[in-house]
Structure formats: structure tokens, C-alpha cells
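For this one, chain A is given, so just place chain B with the ligands on it according to the hints.
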Amino acid sequence: MDDILCESRTVNKTLAIINTSGLIYTYPGGREPSLVDVSLTIEKGDYVILTGPSGCGKTTLCRCLNGLIPHFYSGKLEGEIKVASLTVSEHSIYELAKHVGLVFQNPENQLFALSVEKDVAFGLENLGVPREDMRARVDWALQMTGIYDLRERAPHELSGGQQQRVAIACVLAMKPDIMVLDEPTSFLDPLGAQKIFEVIGDLNKKLGITVILVEHRLDLASKYANHVIVMDEGKVVLDGKPLDVFDSESARLIGVGIPKATRLYQALRQSGVYLNRVPVNSQEATLLLQEVLTRDRG
Amino acid sequence: MIEVKDVYFTYPNNVEALKGVSLNIRKGDFVAIMGQNGAGKTTLVKHFNGLLKPTKGTVTVNGVDTREESVAKLSRGIGFVFQNPDNQLFCETVEEEVAFALRNFGFEDKIIQKRVEWAINLLGLAKHRQSSPFMLSGGERKRVALASVLAWNPDVVILDEPTIGQDYQQKEKLRQFIVQLNAQGKTVVVVTHDVEFVAECNPRVVLMAQGEIVVDGDAKHVLTNAKLVTEASIVPPQISQIFMGLTDLGLPFDIIDVYEARDILLDFLGGDL
Ligand SMILES: Nc1ncnc2c1ncn2[C@@H]1O[C@H](COP(=O)(O)OP(=O)(O)OP(=O)(O)O)[C@@H](O)[C@H]1O
Ligand SMILES: Nc1ncnc2c1ncn2[C@@H]1O[C@H](COP(=O)(O)OP(=O)(O)OP(=O)(O)O)[C@@H](O)[C@H]1O
Ligand SMILES: [Mg+2]
Ligand SMILES: [Mg+2]
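Protein sequences appear in the order of chains A and B. Take 3 as the starting number for the first sequence in the working numbering and just add one per residue. Take 18 as the starting number for the second sequence in the working numbering and just add one per residue.
Bound conformation, chain A alone (with noise of 0.2 Å):
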């Protein structure tokens, strides 16, 4: 599959790629803001999970990111975002594009040309991608994303989820240096989800491109990520590694989802019977249970 994941990039882990400190942000003819004081620090090549509940402000953040806000929410800004050591308010969403690749939560507000091929090529031609470059590219992003055999049809006459791959087709041809994406499966059959965060993951790995993913579904994707975020009510309330967030007690009270997983674990731990670990997965609680099961059989 991939030539293209093979060219190698050369990658510093301890640069800071995202930063924010004391943003604050209210929409035009917002009652209060919607982003509270966050601040953040991101690392290039960091494979962030970004979740809260609905309304928290996650795509919010997602819009200062690649300049949206404030260049096309105008709105109230306080404080500073700087990606890839720019500042955001000083460059335009165009220069910004080079750098952040954005998968919008809806996909239908992304897609607007007149086949599904040219909506993918569109990002490219900005870049400047020489034309031999494009076709490949193009046609490696419509063959990961499941789509090549809807190339030459019109974006508005596809289903949801076929619309949600052209959506992320687009930014993976791009392969920007960071990539945000905002519930980017939300549409998808959950075979095509899993391949989907499959091909992120290795973008992730083997080119080091930073990856920003907001999804309610931790179980998903976890096992992908280095870094999670939980915002509530427009502030950032968890800040660390997987295992540390998903066990702690607040990520309970703010209703981040449990994995089926952990739930059996817990119904069996009330029951006197303990695993050896937490499991996030089916795979590990199909492990631990064997263990267990296993061994008290004699």
C-alpha cells in the first residue's frame, strides 16, 4: 500500500507544534464564551484524543487551529495560539492550510466541487503539488478511504458516510504536518471507522505527522493515542496519558463514555471476581478473563 508513508521525515518529539495559553474565545452573538482559559502544549508527533461532552467546545478549539477563528468567526479572541511556530492571528487561513489539515465535523460543509476527485485534488493544487505528484496522491487518499471507485461522481450525490471519506480523503492527500479531525468516522460503517483510524495511526507513526482526533468513542481509537484532552464547559479539565485520564474519577462525573470492556470488568469486580488489569479493549478482557478463568479451574 504505502510508498508514500515510507518517505522518511525526519522527526524531533520534543518540539512543542501547538500552543495555547489563556485562550479565550466567544462566538458573535455568543452569550459567553466558548473556550475558557486553555491552555495547551502539543508535541510534534503526539496523537492526541480530544473529548468532552457535546457543547464542551471541541470544535471550537479545532477552528483556532487552522485559523478559522479568527479569521472567519470573527468574534472575541483574548490570549495566543501559535502552529508550527506561527501565530494564527498573524496568518492567513491559506499559509495556515500548508501546515493543518482540518476533517470538519460535518462533512457536507467541506466538499463543493463538481466530482469527488477534483474536491480531493483542490487542497493539492493550494499546496502547489506538481501534477505528475497529484495523481498519485489522489488515488492512494481514494484508495485508503475505500472511495476510488466513486471518483468521478458529484460529492452531493453520495451517501453520508461515503461523503465523510471524500471529507477525509482530502486532508489525508494533503498529509499536513498536523492533522485535526473532528469525530471523522461519526458517518462511518465501523469496519470502514477501523480502517480509517488504522491508516491516521500509521500516518501518525511512521511519518510523525501530529494527529488531533475528536471522538466520544474512546475505545475506538485509544489505543492509538499518546496524549487525551477532556474539556467541559469550554475549559480543558483533563490533560495526560490514556490509561491515567480514563481511570480517573472526574472523567466519570463529566460522562466520558466506558468501554463495554471496563463495564464487565466492574460488574465482575463487584462480584468478588478481579481481573489483573483495567481492559479498554475486547481483545485484553478476552486475555485477562482467559487468565482468569483458566487458572481458577485449576
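For the record, the hints were derived by calculation from the structure and aren't laboratory data. Worth double-checking, as some hints may not be accurate.
What the hints assert, rightly or not - Once the Cα atoms are required to be at most 20 Å apart in a straight line, the calculated DMTMM-like pairs of lysine to aspartate or glutamate come out as:
#, chain 1, residue 1, chain 2, residue 2
1, A, K197, B, E248
2, B, K190, A, D234
3, B, K63, A, E159
4, B, K144, B, E112
5, A, K243, A, D48
6, A, K225, B, E213
7, B, K73, B, E86
8, B, K70, B, E86
9, A, K78, A, E235
10, B, K190, B, E213
11, A, K225, A, E45
12, A, K237, A, E82
13, A, K207, A, D179
14, A, K237, A, D39
15, A, K225, A, E200
16, A, K120, A, E110
17, B, K22, B, D46
18, B, K36, A, E159
19, A, K208, A, D179
20, B, K144, A, E235
21, B, K244, B, D233
22, B, K63, A, E110
23, B, K144, A, E34
24, A, K225, A, D204
25, A, K46, A, E82
26, B, K70, A, E159
27, B, K22, B, E229
28, A, K100, A, E127
29, A, K197, B, E213
30, B, K144, A, D234
31, B, K237, B, D46
32, A, K208, A, D48
33, A, K225, A, D246
Just chain B with the ligands, lined up with the frame of chain A:
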């Protein structure tokens, strides 16, 4: 109540989205339609209120052929929430949006007020009642669309991907409400990719692939059938995945509920100690 007989549907661009679908939905049924992207799920449910008419075959709703009735008349008893809420929101405030159908159907002001209040609270939108639906987050917009339909208490609710963009608390509230609606005798059809949501609701499951129905049966049997599930591009629920790895020990694999799983495991351990 809704009878689909050998329906074919072809879009103007010649995409054949339905290829001989037959399905019978009875009053009081709770049906989940699942399956791969582009399988034809949205196309199928849009036939239930006459938004689309079959190219070949027939759809009858309460005995009336959808080709012989206007969408407005057909929609009178059928509440429909679109996959993408932006296609259905148009009022200036959340409150007006939720009241719109009730006003249209000529309910009294007092009843309208009560129903709007109820729906807005159910969907956790109280804080946003005066906001424009277009100035809300994605999950909030979906909940406005849900509220605007649930508010008028239709006999049949058709929800295309109701859980999209919802956090676990909202999803759980919605699930409890849908189950309760169905228990009151309402007919519920959900289109969804959310396997865990379906495992918890335990409805009748219709799996689709490539414009056809692959299987129609109860959640437990359909969702734990590895072959069918792969064909429809979904994955079994987590609990079933866990048990599929334990069949060597003589445990069953067709388990989708956490508490049933716990009881089986306790039984296994207890019987041996
Ligand atoms: N264009 C807008 N104008 C005014 N207010 C907005 C706008 N978009 C969002 N908001 C408000 O800002 C807050 C944060 O919204 P945001 O879209 O960032 O939430 P989110 O965490 O992405 O939620 P979801 O999970 O539902 O997508 C919400 O209270 C929302 O109502
Ligand atoms: N407006 C349209 N014009 C032309 N073709 C369409 C249109 N809408 C959908 N299609 C095509 O019809 C087929 C069925 O689409 P449909 O929207 O019913 O799928 P779906 O099962 O709801 O998928 P998803 O899970 O992605 O929402 C797909 O191949 C799709 O590309
Ligand atoms: Mg959002
Ligand atoms: Mg659909």
C-alpha cells in the same frame, strides 16, 4: 403498517440504490437498519414517508400506496429525523424550531408550550432555547432536530443516525427514551452504525448490503453472526467479541449484554470452585 414489496430505486444519475427490497414493519415494532456506507439505508427509509417513490415495486403505509398520497399527508403520523440535521433546521431560534410542527398541526398554545418545554429538557437544550440552531455545536443541532420531531409525539418515528455527535450521557438518555416510546406502542425505526447502542436497545435488526437486505432477525442473533456482520461491514458488540475468544472454554459466543455476560462468567467460576 409499513409494507415494502420488491422495491427498486434508481437515482437520476443511474445509481441503483435499492435492488428488490421487501420488508414488513408492524405497529409497535422496533427496527434497527444497519449496514455498510452506501448500502441504501437512507434511501430505504425515505420511502417510508413518501420522500422518495419506488422506481419499481410498492410501498404502502397504513394501507395507502405512497405514490398516491402527498408527502405532507403521509408525514402527518410519521416523524422523520434526517441523517444530517442541517437539512431540516430553518427557524430562527431553537424554541421556534421545536414548536414548528406543533403550530403547523394546529395544536393549542398551551399544549405547544408544554410539549416544547418537555422536548427541550429531554434533549438537554434548555440553555440554548433562544439561540439560533445554526449557532450550535454539531451534537446540539442533532438534538434540536430530534426535539422538533419528538415534541409532537408521532405514532411512527424514523431516526436516521440519532446518536451521531452525542456523548455517552446524551446517548443513554436518548436510548432510555426511545425504548420507553416503543414500550408505549409507538413504532420506532432507527438507521445506525452504532453497534453498542443497538446491543443495548435489543431491537429487530435489518442488515443491508449493496441495495439488498442481507438478514432480518433479532439483535442477539444477527450481531453475533461473524459472517453476516462482516458482509455488512459492521463489527460485533464488544461483549460478543470478548466471548468469541472464550469459546474454547465451552462458553457461548452469542452474548451482547454486560450483565448476562457477568452472570455466565460467575456461573462458570462458581460451578467449578
Ligand atoms: N457559530 C457559532 N456561533 C455561536 N455559538 C456557537 C457557534 N458554534 C458553536 N457555538 C457554541 O459554542 C459552544 C461550543 O461549541 P462546539 O461546537 O465547540 O462544541 P463541541 O464540543 O464541538 O460539541 P459537539 O460534540 O456537539 O460537536 C456550544 O455551547 C455552542 O452552542
Ligand atoms: N442524492 C443522490 N443522488 C444520487 N445517488 C445517491 C444519492 N444519495 C445516495 N446515492 C447513492 O445511493 C446509494 C445508497 O445511498 P444511501 O444514502 O441510501 O446509503 P446509506 O446506506 O444511507 O449509507 P450511509 O451509511 O453512508 O449513510 C449509494 O451508492 C449512494 O452513493
Ligand atoms: Mg463538535
Ligand atoms: Mg445514510
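How the hints compare with the structure:
For the hint pairing A:K197 with B:E248, the CA-to-CA distance comes to about 15 Å; that is within 20 Å, so the pair holds. Under the criterion of a C-alpha separation no larger than 20 Å, the hint pairing B:K190 with A:D234 is consistent with the structure, at around 19 Å. Annotation: proposed proximity of B:K63 to A:E159 holds, straight-line Cα distance about 15 Å (limit 20 Å). Between B:K144 and B:E112, the direct Cα distance comes to roughly 11 Å. Compliance with the 20 Å bound is thereby established for this hinted pair.
At roughly 11 Å between alpha-carbon atoms, A:K243 and A:D48 fall within 20 Å of each other, so this suggested pair holds. For the suggested pair A:K225 and B:E213, the alpha carbons sit about 19 Å apart, so the restraint of at most 20 Å is met. Restraint check for B:K73 and B:E86: satisfied, since their Cα atoms lie roughly 17 Å apart, inside the 20 Å limit. For the hint linking B:K70 to B:E86, the alpha-carbon distance of about 10 Å falls within 20 Å, and the restraint holds.
Annotation: proposed proximity of A:K78 to A:E235 holds, straight-line Cα distance about 17 Å (limit 20 Å). Our distance criterion of 20 Å between C-alpha atoms is met by B:K190 and B:E213, whose separation comes to about 14 Å. Restraint check: the Cα-Cα separation between A:K225 and A:E45 comes to about 18 Å, which is no more than 20 Å; the hinted pair holds. Straight-line distance between C-alpha atoms of A:K237 and A:E82 comes to about 15 Å, which keeps the hinted pair within the 20 Å bound.
Between A:K207 and A:D179, the direct Cα distance comes to roughly 13 Å. Compliance with the 20 Å bound is thereby established for this hinted pair. Distance hint between A:K237 and A:D39 is fulfilled; the C-alpha atoms sit about 7 Å from each other, no more than 20 Å. Taken as a hint, the A:K225 and A:E200 pair is honoured in the structure, with Cα atoms around 10 Å apart against an allowance of 20 Å. Among the hinted pairs, A:K120 with A:E110 is consistent with the structure: their alpha-carbon atoms are about 15 Å apart, no more than 20 Å.
A distance of roughly 18 Å separates the Cα atoms of B:K22 and B:D46; the hinted pair therefore holds under the 20 Å criterion. Between B:K36 and A:E159 the CA atoms are separated by roughly 18 Å; this keeps the pair inside 20 Å, and the hint holds. Pair hint A:K208 plus A:D179 holds up; C-alpha atoms about 12 Å apart against a cutoff of 20 Å. At roughly 12 Å between alpha-carbon atoms, B:K144 and A:E235 fall within 20 Å of each other, so this suggested pair holds.
Using a Cα cut-off of 20 Å, the hinted pair B:K244 and B:D233 holds, with the two alpha carbons roughly 14 Å apart. Note on B:K63 and A:E110: the hinted pairing holds, with a Cα-Cα distance of about 19 Å set against a maximum of 20 Å. Proposed proximity of B:K144 and A:E34 is supported: the alpha carbons are some 11 Å apart, at most 20 Å. The hinted pair formed by A:K225 and A:D204 meets the criterion: a straight-line CA distance of about 12 Å does not exceed 20 Å.
Proximity of A:K46 to A:E82 is assessed by CA-CA distance (about 18 Å); at most 20 Å being required, the pair is judged to hold. A hinted pair counts as satisfied when its Cα atoms are at most 20 Å apart, and B:K70 with A:E159 qualifies at roughly 17 Å. Simply put, B:K22 and B:E229 have alpha-carbon atoms about 12 Å apart, close enough for the 20 Å limit, and the pair holds. Distance check on the hinted pair: A:K100 and A:E127 sit about 11 Å apart at the alpha-carbon level, within 20 Å; holds.
The hinted pair formed by A:K197 and B:E213 meets the criterion: a straight-line CA distance of about 18 Å does not exceed 20 Å. The hinted pair formed by B:K144 and A:D234 meets the criterion: a straight-line CA distance of about 15 Å does not exceed 20 Å. Of the supplied pair hints, the one linking B:K237 and B:D46 holds, its CA atoms being roughly 16 Å apart against a limit of 20 Å. A C-alpha spacing of about 12 Å is found between A:K208 and A:D48, which places the hinted pair at or below 20 Å, so the restraint holds.
With a CA separation close to 14 Å, the supplied pair A:K225 and A:D246 stays within the 20 Å bound.
Of the hints listed earlier, there is not a single one the structure fails to meet.
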